[in-house]
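Take a look at the letters that make up each chain.
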Amino acid sequence: MTLWRLPLLIAGLLIAAPACAAGAEPAARAALVEKLCGNAGQMGEAAAALSTLAASGTPEEIGWAAPLARAALDKTLACDDTGAVLAATGTDAVTRAPRAPAPDARTPVLSLKNRAVFEQADAALALRSAADPATRTAALATLERRPAALPEGLLEAAAQGETDPGLRTRIETLAQTAALNAADPAARIRAIGRIAEHPSRRALTQVEALAKDPAYAADPAFRQAVDAGLATIRRGIALGDALATLYNGLSFASILFMAAIGLAIIFGLMGVINLAQGELIMIGAYVTWLVQQGLRQAAPALLDWYLVLAIPVAFLVTAGIGIALEALLLRHLYRRPLMSLLATWAVSLFLVNTVRVVFGTQNLQFETPFYVSGGVPVIGDFIFTWNRMFAILFAAVTLLVTWATVRKTPLGLNIRAVTQNRDMAACIGIPTRRVDMMAFGLGSGLAGLAGLALSPIYSVNPQMGQNFIIDSFMVVVLGGVGTIAGTVVAALGIGQINVLIEPLWGAVAAKVIVLLMIIAFLQWRPEGLFAVKGRRK
Amino acid sequence: MSLTALLVDGLTVRFGSFHAIDDLSLAIDYGEVRAVIGPNGAGKTTLLDVISGITRPKQGRVLFDGREDITGRSEAAIARAGIRRKFQKPSVFEGLTVRQHIAIGAGTGFRRGPEGPALEDRIGEVLETVGLADQAGRLAGELGHGQKQWLEIGMVLASDPRVLMLDEPVAGLTDEETARTAALVRALNRPDRAIVVVEHDMDFVERIADKVTVLHEGRTLFEGPMDKVRADAGVVDVYLGR
Amino acid sequence: MTRWTADRPFLAVLALLLATAAALPLLAGTPLEMSRYLANAIGQLAAFAVLALSLDLIWGYLGILSLGHGLFFALGGYVVAMYLLKHSFEVTGTVPDFLQFMGWKDFPFYWAGFGAFPYALAVAVVLTTLVAGLFGYVSFRSRVGGVYFAIITQALVYVAMLLMFRNDTGFGGNNGMTGFSVMFGWPMGTSGMITGLAVASLLVLALVLAGCRWLVGSRFGALMLATRDDETRLRTLGYETLRLKLAVWCLSALIAMVAGMLYVPQVGIINPRLLSPELSLEIAVWVAIGGRGHLVGAVVGALLVNAIKFWLSFAAPEVWPFILSGLIVLVVLVFPNGLIDLARLRLVRPMGPRRLAADVGEARP
Numbered sequence: 000m001t002l003w004r005l006p007l008l009i010a011g012l013l014i015a016a017p018a019c020a021a022g023a024e025p026a027a028r029a030a031l032v033e034k035l036c037g038n039a040g041q042m043g044e045a046a047a048a049l050s051t052l053a054a055s056g057t058p059e060e061i062g063w064a065a066p067l068a069r070a071a072l073d074k075t076l077a078c079d080d081t082g083a084v085l086a087a088t089g090t091d092a093v094t095r096a097p098r099a100p101a102p103d104a105r106t107p108v109l110s111l112k113n114r115a116v117f118e119q120a121d122a123a124l125a126l127r128s129a130a131d132p133a134t135r136t137a138a139l140a141t142l143e144r145r146p147a148a149l150p151e152g153l154l155e156a157a158a159q160g161e162t163d164p165g166l167r168t169r170i171e172t173l174a175q176t177a178a179l180n181a182a183d184p185a186a187r188i189r190a191i192g193r194i195a196e197h198p199s200r201r202a203l204t205q206v207e208a209l210a211k212d213p214a215y216a217a218d219p220a221f222r223q224a225v226d227a228g229l230a231t232i233r234r235g236i237a238l239g240d241a242l243a244t245l246y247n248g249l250s251f252a253s254i255l256f257m258a259a260i261g262l263a264i265i266f267g268l269m270g271v272i273n274l275a276q277g278e279l280i281m282i283g284a285y286v287t288w289l290v291q292q293g294l295r296q297a298a299p300a301l302l303d304w305y306l307v308l309a310i311p312v313a314f315l316v317t318a319g320i321g322i323a324l325e326a327l328l329l330r331h332l333y334r335r336p337l338m339s340l341l342a343t344w345a346v347s348l349f350l351v352n353t354v355r356v357v358f359g360t361q362n363l364q365f366e367t368p369f370y371v372s373g374g375v376p377v378i379g380d381f382i383f384t385w386n387r388m389f390a391i392l393f394a395a396v397t398l399l400v401t402w403a404t405v406r407k408t409p410l411g412l413n414i415r416a417v418t419q420n421r422d423m424a425a426c427i428g429i430p431t432r433r434v435d436m437m438a439f440g441l442g443s444g445l446a447g448l449a450g451l452a453l454s455p456i457y458s459v460n461p462q463m464g465q466n467f468i469i470d471s472f473m474v475v476v477l478g479g480v481g482t483i484a485g486t487v488v489a490a491l492g493i494g495q496i497n498v499l500i501e502p503l504w505g506a507v508a509a510k511v512i513v514l515l516m517i518i519a520f521l522q523w524r525p526e527g528l529f530a531v532k533g534r535r536k
Numbered sequence: 000m001s002l003t004a005l006l007v008d009g010l011t012v013r014f015g016s017f018h019a020i021d022d023l024s025l026a027i028d029y030g031e032v033r034a035v036i037g038p039n040g041a042g043k044t045t046l047l048d049v050i051s052g053i054t055r056p057k058q059g060r061v062l063f064d065g066r067e068d069i070t071g072r073s074e075a076a077i078a079r080a081g082i083r084r085k086f087q088k089p090s091v092f093e094g095l096t097v098r099q100h101i102a103i104g105a106g107t108g109f110r111r112g113p114e115g116p117a118l119e120d121r122i123g124e125v126l127e128t129v130g131l132a133d134q135a136g137r138l139a140g141e142l143g144h145g146q147k148q149w150l151e152i153g154m155v156l157a158s159d160p161r162v163l164m165l166d167e168p169v170a171g172l173t174d175e176e177t178a179r180t181a182a183l184v185r186a187l188n189r190p191d192r193a194i195v196v197v198e199h200d201m202d203f204v205e206r207i208a209d210k211v212t213v214l215h216e217g218r219t220l221f222e223g224p225m226d227k228v229r230a231d232a233g234v235v236d237v238y239l240g241r
Numbered sequence: 000m001t002r003w004t005a006d007r008p009f010l011a012v013l014a015l016l017l018a019t020a021a022a023l024p025l026l027a028g029t030p031l032e033m034s035r036y037l038a039n040a041i042g043q044l045a046a047f048a049v050l051a052l053s054l055d056l057i058w059g060y061l062g063i064l065s066l067g068h069g070l071f072f073a074l075g076g077y078v079v080a081m082y083l084l085k086h087s088f089e090v091t092g093t094v095p096d097f098l099q100f101m102g103w104k105d106f107p108f109y110w111a112g113f114g115a116f117p118y119a120l121a122v123a124v125v126l127t128t129l130v131a132g133l134f135g136y137v138s139f140r141s142r143v144g145g146v147y148f149a150i151i152t153q154a155l156v157y158v159a160m161l162l163m164f165r166n167d168t169g170f171g172g173n174n175g176m177t178g179f180s181v182m183f184g185w186p187m188g189t190s191g192m193i194t195g196l197a198v199a200s201l202l203v204l205a206l207v208l209a210g211c212r213w214l215v216g217s218r219f220g221a222l223m224l225a226t227r228d229d230e231t232r233l234r235t236l237g238y239e240t241l242r243l244k245l246a247v248w249c250l251s252a253l254i255a256m257v258a259g260m261l262y263v264p265q266v267g268i269i270n271p272r273l274l275s276p277e278l279s280l281e282i283a284v285w286v287a288i289g290g291r292g293h294l295v296g297a298v299v300g301a302l303l304v305n306a307i308k309f310w311l312s313f314a315a316p317e318v319w320p321f322i323l324s325g326l327i328v329l330v331v332l333v334f335p336n337g338l339i340d341l342a343r344l345r346l347v348r349p350m351g352p353r354r355l356a357a358d359v360g361e362a363r364p
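Chains as they are written, first to last, in numbering that gives the first Met the number 0: chain A, 0 to 536; chain B, 0 to 241; chain C, 0 to 364.
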């Protein structure tokens with residue numbers, strides 16, 4: 000191409016573009032086909048026209064244009080004096096009437112440069128017209144290679160027509176990138192604004208890259224837009240991270256609460272710390288797994304609901320173990336809390352090793368029902384995940400039910416009476432031993448429910464109880480003996496502190512700091528947060 | 000030496016929202032046996048708890064020997080100052096012998112008290128006083144209820160305290176044991192010692208007390224000799240009355 | 000408390016320990032010579048018995064149950080392991096595995112001086128006293144006791160375990176420390192060394208047993224029992240029980256530390272599993288089985304339980320946890336005073352219902 004023809008070429012493009020946009024006219028279609036059969040420069044123009052059609056054409060036009068790009072790439076376009084023939088279908092390129100090519104027809108050859116342009120045009124057309132999502136996905140992958148060269152409006156139009164949600168998200172992301180790299184500065188600034196509306200780490204990387212763009216140094220308006228966008232995104236990410244931390248802390252606190260509330264009730268009532276509480280959590284998780292396996296065999300249609308169906312089973316099994324433990328062992332260790340501690344440890348040893356022998360030591364595999372999978376992206380990188388929400392809601396319901404049981408039922412009244420003054424309660428006819436047994440069952444059942452609630456989040460194996468028991472102790476020590484409010488506050492506090500410290504100094508440091516804080520706290524309030532003061536005996 | 004052994008001044012103790020003791024003031028002199036009586040929850044034991052340092056008051060102070068402010072000191076420091084107390088529930092060391100109890104009581108903290116023959120003399124003397132001389136070698140856990148009460152009195156007596164506080168010394172004792180205890184308390188009365196007795200048993204109080212303080216809802220309802228107590232309308236109303 | 004000259008079980012066990020200590024080297028070279036394995040096992044058992052004594056001192060005589068005594072045991076163990084590795088390095092030039100594993104060229108700076116045993120010992124004593132003293136002071140000052148104290152000590156040892164599991168601490172991390180080749184200039188693993196360590200452990204055990212026996216029989220021992228039975232009562236008699244508890248607690252921690260220093264050279268390895276809550280709980284079980292509040296009981300309990308464990312670790316290791324939980328249940332339900340109850344079934348009953356000090360309950364609720 001010689002230099003003097005350049006203005007001509009540009010002029011030709013300017014003429015061709017409106018002609019192609021109005022591509023319904025047969026003359027325009029013929030002109031396009033002619034260019035396809037022309038020299039390298041004309042072929043490039045034809046490809047650009049095809050791309051523009053993909054962006055702004057009607058479905059009919061796109062349908063007409065799509066085979067052309069394909070044919071050019073596949074070398075199945077036969078050019079002759081009257082135009083061109085699509086060899087694959089044996090139809091005229093302009094009218095799509097069946098005809099055979101002239102004997103002296105030739106196939107245009109794509110230059111390396113044009114090949115890329117045609118690939119893009121082909122992909123753009125396929126993205127808008129292909130019926131098969133896989134083809135569209137492949138087309139999108141091609142487009143993602145050179146986002147800057149895409150015709151404006153293509154991706155927006157494609158996103159609007161896209162039915163597959165995953166693909167649509169990808170198209171939208173690409174649209175942002177394309178807009179950020181568009182030639183028009185105003186479009187770029189608008190794109191920055193749009194990206195900043197949905198802050199995430201990826202958005203940050205995208206916009207941060209613009210700071211290295213030459214326009215950043217040259218154009219003050221652009222620089223301002225980039226800086227403002229970055230600030231918004233960083234704020235959003237920080238907020239998202241804070242929310243995510245709170246959310247994770249809340250879900251950890253929920254598990255802690257469920258593990259500790261049973262401990263706290265039993266401790267308040269009998270002065271006994273149940274070292275097997277962690278193992279009851281483990282049993283709860285195993286029962287949940289067994290329910291899942293049972294449903295798989297007996298009623299696969301209900302498999303998704305195993306987490307709900309396992310609730311009564313997990314509660315009853317662990318409550319039964321707790322009642323047996325109380326009736327067979329602890330009852331005989333009345334007012335010997337330290338020996339009770341050892342006795343419950345014996346039970347814990349027994350349970351861990353029995354489960355190990357029966358089920359093995361590997362982690363259990365749980366199905367993920369639809370109601371605990373995925374989540375809603377909120378802001379920044381914070382995703383409101385349903386599995387954690389499940390645990391939080393579960394703990395909230397457990398809290399309500401426990402509170403109602405302790406406050407509103409005859410058993411709860413008896414538990415409170417015996418907790419406050421065992422001898423007096425016995426004097427007025429409360430069957431203290433029965434109350435002990437029922438309360439132990441309640442506390443153990445709650446541990447089983449904790450095991451159920453954590454099974455979609457944490458790994459389930461025979462040793463898992465260890466991970467929760469020490470933190471649960473700390474909740475009980477911090478919260479004070481046998482108060483629900485204290486347990487809630489302490490669980491929230493320890494859960495949040497753990498999660499807050501972990502990203503800074505690691506999980507071990509979090510545990511160390513929590514322990515030191517609790518020891519320090521005991522200097523100030525030895526009876527815990529919510530202990531009722533009274534005359535010391 | 001001041002005439003007043005214990006001066007309680009504007010004392011207030013609260014457990015949550017409950018006023019166990021409410022702006023209480025009283026003075027106990029050397030040489031007197033003071034009985035503190037009142038219905039359950041009147042604040043009798045709490046008063047002893049504050050004096051012996053187990054409970055911290057919210058307001059007010061306790062002066063020992065007329066000038067020494069002992070409020071907020073540790074239990075051990077208060078005990079070493081010469082104020083000893085027997086608890087409501089017999090509190091003895093079940094794994095130790097009777098003799099060991101008295102020896103511990105005779106000591107003043109880790110700084111050694113009497114030793115060798117002096118200690119032996121003291122132990123013998125105290126055991127004789129509380130009538131446990133023939134039980135010296137037995138473990139406290141094996142003693143009967145009354146013997147435990149006397150053992151605890153002996154233990155607090157061993158250091159020859161200036162203020163002796165007895166919380167329900169005859170609860171659960173037989174009439175004969177009660178009579179012996181009354182005689183013991185009278186015998187312990189000395190010009191340089193104040194004795195405070197918290198008790199429900201009116202006959203016992205009548206036998207030992209020089210003066211009676213009646214507590215009601217954490218305040219002093221009446222203070223005076225026993226015969227006047229029985230005549231006081233207010234006291235009859237809340238305590239003796241029907 | 001009977002005078003020590005009349006305490007027959009104490010004298011019998013003491014004599015047995017000393018006799019075994021004498022027999023080990025005397026029988027060497029004769030047909031009756033013990034196998035290296037047996038001698039080593041006896042030495043390890045003796046270290047465990049020292050550990051049991053340390054716990055019995057505070058649990059049986061002071062009423063304070065620690066479920067974190069593994070901390071002091073491991074502290075002694077880690078310090079002696081540091082000495083052994085540094086000393087071995089100085090003598091043979093062997094670079095410890097964990098340094099190679101971490102890719103470190105040299106020992107971390109805080110390993111300086113550990114090649115000298117007196118320095119290592121001093122560090123162990125100071126550290127143990129500091130840790131135990133500080134923790135004991137804040138706990139006892141705020142009157143944390145009973146079950147609270149037990150679970151807080153358990154949390155303490157658990158946290159220490161998590162710390163030592165980290166590989167970047169410079170103490171071997173997850174894999175621990177092993178490969179001790181030289182001790183006091185002599186090669187390790189020889190019959191002589193094994194016998195020597197076993198004899199040393201037996202002698203230390205005898206010494207600690209006698210020392211504890213003297214302590215609990217003294218006036219101070221009476222105050223310990225008084226603290227156990229009714230601490231408030233003792234305080235209101237003028238005794239600052241905080242000081243007493245702190246002193247005994249630190250002493251107990253130091254004894255546990257010594258046990259760790261005896262144990263690690265004999266077992267040849269230390270890793271964070273020594274800090275697992277299970278080991279600390281097991282110590283309490285030895286004492287409970289032997290008879291809480293009886294020094295001889297603690298020794299016999301530790302020897303017996305660990306002998307069974309040693310034997311089962313060959314015969315049927317998976318059965319051990321079940322045996323252990325069965326033993327615990329048996330001892331808490333049927334024989335609350337452990338083997339003492341068993342012994343008394345035959346020995347004491349004919350003499351009439353003599354109650355022993357430990358029959359009384361735990362600290363009041």
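Among these hints, one or two may not hold up.
Reference listing, derived: stretches of chain C covered by chain A, where coverage requires no fewer than 3 residues with Cβ under 8 angstroms from a Cβ of chain A [to be verified]:
{"no.": "1", "stretch": "110 to 120"}
{"no.": "2", "stretch": "141 to 153"}
Quick list of simulated restraints, FRET-style, between CB atoms [what the hints assert, rightly or not]:
{"no.": "3", "chain 1": "C", "residue 1": "Ala-121", "chain 2": "B", "residue 2": "Pro-116", "range": "38 to 48 angstroms"}
{"no.": "4", "chain 1": "C", "residue 1": "Tyr-109", "chain 2": "A", "residue 2": "Glu-366", "range": "44 to 54 angstroms"}
{"no.": "5", "chain 1": "C", "residue 1": "Thr-4", "chain 2": "B", "residue 2": "Asp-133", "range": "19 to 29 angstroms"}
{"no.": "6", "chain 1": "C", "residue 1": "Arg-165", "chain 2": "B", "residue 2": "Ala-76", "range": "39 to 49 angstroms"}
{"no.": "7", "chain 1": "B", "residue 1": "Ala-230", "chain 2": "A", "residue 2": "Ala-519", "range": "50 to 60 angstroms"}
{"no.": "8", "chain 1": "A", "residue 1": "Ala-395", "chain 2": "C", "residue 2": "Ile-307", "range": "11 to 21 angstroms"}
{"no.": "9", "chain 1": "A", "residue 1": "Asn-362", "chain 2": "C", "residue 2": "Arg-165", "range": "17 to 27 angstroms"}
{"no.": "10", "chain 1": "C", "residue 1": "Arg-35", "chain 2": "A", "residue 2": "Gln-361", "range": "31 to 41 angstroms"}
Don't read these hints as lab results, they were simulated from the structure.
Quick caveat: nothing in here was measured; it's all calculated off a predicted structure.
Just so you know, even glycine gets a beta-carbon here, dropped at the ideal spot from N, CA and C.
Evaluation of the provided hints:
1. As drawn, the stretch 110 to 120 of chain C meets chain A at 0 residues by the rule of a beta-carbon pair under 8 angstroms; below three, the given contact is violated.
2. Figure legend: the stretch 141 to 153 of chain C, annotated as covered by chain A; annotation consistent (10 residues with Cβ-Cβ distances under 8 angstroms, at least 3 required).
3. Hint check: C/Ala-121 to B/Pro-116, Cβ distance near 43 angstroms, so the stated range 38 to 48 angstroms holds.
4. About 50 angstroms separates the C-beta atoms of C/Tyr-109 and A/Glu-366, a value consistent with the hinted range of 44 to 54 angstroms.
5. Under the hint 19 to 29 angstroms, the C-beta atoms of C/Thr-4 and B/Asp-133, about 26 angstroms apart, fit the expected range.
6. Look at C/Arg-165 against B/Ala-76: about 45 angstroms separates their beta carbons, and that is inside 39 to 49 angstroms.
7. Between B/Ala-230 and A/Ala-519 the Cβ separation comes to about 57 angstroms, which falls inside the hinted range of 50 to 60 angstroms.
8. At about 48 angstroms, the beta-carbon gap between A/Ala-395 and C/Ile-307 misses the expected band of 11 to 21 angstroms.
9. Between A/Asn-362 and C/Arg-165, the C-beta spacing of about 23 angstroms keeps the proposed range 17 to 27 angstroms intact.
10. Range check, C/Arg-35 to A/Gln-361: about 38 angstroms between beta-carbon atoms, so the 31 to 41 angstroms window is met.
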